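Asks: Top line first, the protein sequences correspond to chains A and B.
In this text, residue positions in the first sequence follow our numbering: the first is 1, and each later residue adds one.
In this text, residue positions in the second sequence follow our numbering: the first is 412, and each later residue adds one.
Simulated from the structure, these hints should not be mistaken for lab results.
Every value quoted in this text rests on a predicted model; they were computed, and no experiment measured them.
Heads up, some of the hints might be wrong.
[Said to hold, decoys possible] With a straight-line cut-off of 25 angstroms between C-alpha atoms, the simulated BS3-like cross-links for lysine-lysine are:
#	chain 1	residue 1	chain 2	residue 2
1	B	Lys537	A	Lys141
2	B	Lys553	A	Lys123
3	B	Lys727	B	Lys689
4	B	Lys552	A	Lys141
5	A	Lys123	B	Lys552
6	A	Lys142	B	Lys553
7	B	Lys534	A	Lys141
8	B	Lys534	A	Lys142
9	B	Lys553	A	Lys126
10	A	Lys272	A	Lys242
11	A	Lys358	A	Lys322
12	A	Lys316	A	Lys259
13	B	Lys537	B	Lys553
14	B	Lys552	A	Lys142
15	A	Lys259	A	Lys315
16	B	Lys726	B	Lys798
17	B	Lys815	B	Lys602
18	B	Lys727	A	Lys142
19	A	Lys220	A	Lys278
20	B	Lys689	B	Lys653
21	A	Lys278	A	Lys319
22	A	Lys191	A	Lys404
23	A	Lys126	B	Lys552
24	B	Lys553	A	Lys141
[To be verified] Computed far set for chain B versus chain A, every beta-carbon distance over 12 angstroms:
#	residue
25	Ala455
26	Met521
27	Gly554
28	Gly560
29	Ile694
30	Asn698
31	Ile699
32	Asp715
33	Lys726
34	Leu729
35	Glu777
36	Ser787
37	Ile795
All C-beta atoms in this analysis are idealised placements derived from N, C-alpha and C, irrespective of residue type, glycine included.
In case you want the letters, here they are:
Protein chains: 2
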Amino acid sequence: MALIVQKYGGTSVGDLNRIQNVAHRVQKTRREGNEVVVVVSAMAGETDRLIQLCHQACDSPGLREYDCLISTGEQVSAALLAITLQSMGVPAKSFLGPQVRIITDSAFSMARIQNVEVSRLRKELKAGVIPVVTGFQGMDKKGDITTLGRGGSDTTGVALAAALKADVCEIYTDVEGVYTTDPNICAEARKLGRISYDEMLELASLGAKVLQIRSVEFAKKYNVPIHVRSSFTEKSGTWVVKEDEKMERVLVSGVTLNKSEARITVVRVPDKPGIASKIFSPISDANIVVDMIIQNTSADGSTDLTFTVPKVDMKKALKLVKKTAEEIEAQEVLADENIAKISIVGAGMRSHSGVASKMFTALSKENINILMISTSEIKISCVIEAKYGELAARVLHQAFGLEKGERKKEA
Amino acid sequence: MALIVQKYGGTSVGDLNRIQNVAHRVQKTRREGNEVVVVVSAMAGETDRLIQLCHQACDSPGLREYDCLISTGEQVSAALLAITLQSMGVPAKSFLGPQVRIITDSAFSMARIQNVEVSRLRKELKAGVIPVVTGFQGMDKKGDITTLGRGGSDTTGVALAAALKADVCEIYTDVEGVYTTDPNICAEARKLGRISYDEMLELASLGAKVLQIRSVEFAKKYNVPIHVRSSFTEKSGTWVVKEDEKMERVLVSGVTLNKSEARITVVRVPDKPGIASKIFSPISDANIVVDMIIQNTSADGSTDLTFTVPKVDMKKALKLVKKTAEEIEAQEVLADENIAKISIVGAGMRSHSGVASKMFTALSKENINILMISTSEIKISCVIEAKYGELAARVLHQAFGLEKGERKKEA
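Sequences and hints are given; from them, build the entire structure.
Replies: If you want it as structure tokens, here you go:
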């Protein structure tokens, strides 16, 4: 008998028919002899409806009230699923985040889970009851309702699985798992059977929207196996697990394309200590997230400094940078929205050389010019012209043999 | 400086414009130098929408889950009002029933308030914040969400006013106050300026839908003055207050008409001890509320027993009664849905005779036959044929001079 946490996303509980479908799946899991704890998102569209209502009332609502408002979506779906399970003769009870004491900090609208008390859930499980817990929400130490940010229900699921020492956290969504790349761009994209936490973290932060990043961090920290799968099929999905020495190490697991960033270049920056801090402090104060930063070694006492920001923040960032550029007497500031970031991710890179050069070669064969390069232990990202984005994804997908069912082992 | 609890009903917060209107009223009350605590119902139609969703999921949902679901309506309107107040520069915070520790029993969907802790509210008031509290909901000792039954937000308002020792509980609704009778039936109906708790209780239980009965019981117990008024005008409404020795005692305050009941008669019941119990126990076990019961003194060892039940429960009650009638060898069971209950209510009746006969005379003048009579200290009810209901209301309204602005004093 296993203890399974099942998290169902908004499309999986999008209407009463789909909630019934979820109830049958929960019932089946239980009949197979498992203990089940369910976590649900709001019905698809409901959170957006509430956010819209909120912004009609006020342009910049207080975040405490905002959280109080939008957390109702999960309350509705949790109650409806519990009612549906009961109507099928399955003992079930709904629980709110605060009721199962999912304690967070007080950073409303993007709170972080600090502690989870599972005594009530254990009691219900012992009594044969299936707890249906609202995702996305918690309570701070003052007793105020908090929410965990978009996709936060994933983190609720993993946090409960960690606290309950569950055997697996199943994340049900509307896709069948994590793919080698976006199937809409590359017809050869293939569902991955297994992927490590670190690889998933890189894929998630590079734009794959399957899992909230924090849920993967949580899973890694507490070693919770995640099984990402579709609620509309019986097929096995993608397991996100601890990197295992014995596990066949894959050179490259996936290719991601991100077109949501813009590039800003400060030309001929005087190469003196403290300059970078002068440029980036105002940007960070304005809550703009800077992704890649490139600064070449200086030749003549001045250098070019290039970085990327989200396109939506470009204008704001540009204004701040231009002000700083005048102060530090840089030559000029350039901006470019027509860029794409193409990345390859793979745990195998840790111990394998030649991956980067293979990537650059594959791109150059198609005459795709590389504008910026940034690397981590298990990732290489290149900024290229936006128009080449999809082509680059297909080229790299093929170059690293991702279309093949058999995985490419490291040398 | 007064401490005022303002409760706004569903139509008063029916959309964002109306919520804005409420916010202005709250702001005005505060500017006049008062401390304000606000209680809100769900936006008009929202609770019905949730109930419908619930019944689509299951015919007879578990009441614990039902309460979890439908309590979300108040959470949305409380958050929206707090957001709107903040956008106007008025410090405000939303609070859920459980957050301000409105503790109830565990009778889901019709819970009773047992205790209210006001320390958090007092703290917020002291800090200059206007608390906006969800009506209708509380929490039982296990931490489960409960709701207080239809109209329960009135009771939340009065309970908070009692616990805070507020100067008044203002109940904002879509009518201007409590009327001498239904203005839709009688054009001469007049808004009452003042009415006692006892009179309001009789009026409320007789079908006037302005206030939840339990809120009046609560107000009477803790001596909280209620001011029933419209959120759409500035006019004063009706004060519901303690009966005062010095207060001008009104003979008859109002006339109510109730057409939602049906009559069942058991003919020639053997007049033996234990028979009434045999008849009414199965009905009570089926949760059917019996209103009037009439049994005449026996002449020949048998008697007729007549009682009324809600029309919606008539078939169920009839089936049960017929079964009992066979067992106790009564002659037959008759049922009649075409009845109306007409009642007059007035604190003055306590010390005044002749009211009943005046009522009977007025009805007989119009050839309205009285089928059943029932009285309390401050109320006389007659069951008549349904078709005469509206006529009877107008006749009695006139007979007791209710259309006159000046009140008829007791002799």
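Asks: So, for every hint listed, does it hold in this structure?
Replies: Evaluation of the provided hints:
| no. | hint | result |
| --- | --- | --- |
| 1 | B:Lys537 x A:Lys141 | holds (21 angstroms) |
| 2 | B:Lys553 x A:Lys123 | holds (13 angstroms) |
| 3 | B:Lys727 x B:Lys689 | holds (16 angstroms) |
| 4 | B:Lys552 x A:Lys141 | holds (20 angstroms) |
| 5 | A:Lys123 x B:Lys552 | holds (16 angstroms) |
| 6 | A:Lys142 x B:Lys553 | holds (19 angstroms) |
| 7 | B:Lys534 x A:Lys141 | holds (16 angstroms) |
| 8 | B:Lys534 x A:Lys142 | holds (13 angstroms) |
| 9 | B:Lys553 x A:Lys126 | holds (17 angstroms) |
| 10 | A:Lys272 x A:Lys242 | violated (43 angstroms) |
| 11 | A:Lys358 x A:Lys322 | violated (38 angstroms) |
| 12 | A:Lys316 x A:Lys259 | holds (19 angstroms) |
| 13 | B:Lys537 x B:Lys553 | violated (30 angstroms) |
| 14 | B:Lys552 x A:Lys142 | holds (19 angstroms) |
| 15 | A:Lys259 x A:Lys315 | holds (17 angstroms) |
| 16 | B:Lys726 x B:Lys798 | holds (22 angstroms) |
| 17 | B:Lys815 x B:Lys602 | holds (11 angstroms) |
| 18 | B:Lys727 x A:Lys142 | violated (50 angstroms) |
| 19 | A:Lys220 x A:Lys278 | violated (36 angstroms) |
| 20 | B:Lys689 x B:Lys653 | violated (40 angstroms) |
| 21 | A:Lys278 x A:Lys319 | holds (14 angstroms) |
| 22 | A:Lys191 x A:Lys404 | holds (11 angstroms) |
| 23 | A:Lys126 x B:Lys552 | holds (21 angstroms) |
| 24 | B:Lys553 x A:Lys141 | holds (19 angstroms) |
| 25 | Ala455 | holds (15 angstroms) |
| 26 | Met521 | holds (17 angstroms) |
| 27 | Gly554 | violated (6 angstroms) |
| 28 | Gly560 | holds (18 angstroms) |
| 29 | Ile694 | holds (28 angstroms) |
| 30 | Asn698 | holds (20 angstroms) |
| 31 | Ile699 | holds (25 angstroms) |
| 32 | Asp715 | holds (44 angstroms) |
| 33 | Lys726 | holds (25 angstroms) |
| 34 | Leu729 | holds (29 angstroms) |
| 35 | Glu777 | holds (51 angstroms) |
| 36 | Ser787 | holds (41 angstroms) |
| 37 | Ile795 | holds (43 angstroms) |
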